[in-house]
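Trainee: Sequence:
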Amino acid sequence: MLMKKLEDVGQPVTVLVYDSLFPWALDVSKQFGVLKVVFFTQTCAVNSIYYHVHKGLLRLPISGSDPVSIPRLPLLRASETPSFVYESESTPPAVHDFIMNQFSNVDEADWLLFNTFYKLEEKVVDWMAKIWKLGTVGPTLPSMYLDKRLEDDRDYGINLYKPNTSVCMTWLNDKPSGSVVYASYGSVVDVKPEQIEELAWGLKACNHYFLWVVRDSEEKKIPNMFKEETSDQGLVVSWCSQLEALAHESIGCFVTHCGLNSFFEALSLGVAMVAVPYWADQPTNAKYVEDVCGTGIRALPDEKGVVRRQAVEECIKEVMEGEKGKKMKENAKKWKILAREAIDEGGSSDKDINEFVAKLLQ
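161 is the number of the first residue of the sequence shown in my numbering; add one for each residue after it.
These are calculated hints, taken from the structure and not from any lab test.
The structure presented is a predicted model; accordingly, all values stated were derived computationally and were not measured.
One or more of the hints may lead you astray.
Stated by the list, open to error - With beta-carbon atoms standing in for the labels, derived distance ranges:
id, residue 1, residue 2, range
1, S225, E268, 24 to 30 Å
2, W184, D334, 50 to 56 Å
3, E490, V188, 24 to 30 Å
4, V188, S337, 49 to 55 Å
Don't be surprised by glycine CBs; every beta carbon is placed ideally from N, CA and C.
Work out the full structure, taking the sequences as your base and the hints as a guide.
Mentor: Shown next as structure tokens:
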């Protein structure tokens, strides 16, 4: 074991920071007598919902017609809770246990760290702080896209796929400010062919430039002749640096699945969103986009769970052209400032990080 090896060579570990999804790491911390620190990669809102399920305070299954009330959260529709909650009956028991067991021994931890920032979730953060010692340390984006205090911190240091960054940037450089719709479903989601087709024709019908990321594994789902028919309007790539794309002045809207990285990147870079959540925490993140932050609109699915091309088109046009879209973009600029202030010197996340480090140095 790594911790034993470090101890044997005179470099003992003093604290173990571990992902909340691996609660067994707390037992390792206890074995070596070091500080036990849990890092939650999802928002406080999402984790509060899971906590209430774990404690039996939110009983499953939940009714699709009844609102879900969680302390210090906005009132939620059932479909705005994480998919493992809303679709609990179709969630494999092993997956359910894996998610909910994050809280099996969390009360024994010395500290909880959350990838969020105070202004985004102040009510639920304050509620959680009455139960645990915690800190908000997000958004966990590279420094050059936030406070710019670390000049060599420009990316996450890893790419799951090879990005076509130069092609994307060259294409974006030729487009007017705020004129491009950027669309991506992230690095993991296996999107239904029907949904890919609807998104494709919705992008075409919106009559705006678009940059669409479609992974190689998904490319066969793109409709025949789509690329040819939209060659003057759009660029389809297998991958790109999302941070660089969202930071580009030509981007006016982000069609996103609302994975947490995408949510925080758009929020931190001031980009309004069309939310098309798929699973896990994404529906709750989409709720925050639309109703808490006011930085976007959710494209609603039909009875088959597919967001149709008309909905895609209408939502994009609302963000890019509508009166509500103007307000969304104003809000996006506001949240961009708040996200940067949180991580900047003296901000809420900066203070919590410094307090945590000071504890380690005692």
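Trainee: Quick check on a hinted range of 24 to 30 Å for S225 and E268, using CB atoms only.
Mentor: violated (38 Å)
Trainee: Could one say that the CB atoms of E490 and V188 fall in the range 24 to 30 Å?
Mentor: violated (48 Å)
Trainee: Tell me if the beta carbons of V188 and S337 are separated by a distance inside 49 to 55 Å.
Mentor: The hint (49 to 55 Å, Cβ to Cβ) holds, given that V188 and S337 are roughly 51 Å apart.
Trainee: Could you check the hint for me, namely that W184 and D334 are 50 to 56 Å apart, CB to CB?
Mentor: holds (52 Å)
In the structure shown, a violation is registered for the earlier hints numbered 1, 3, in ascending order.
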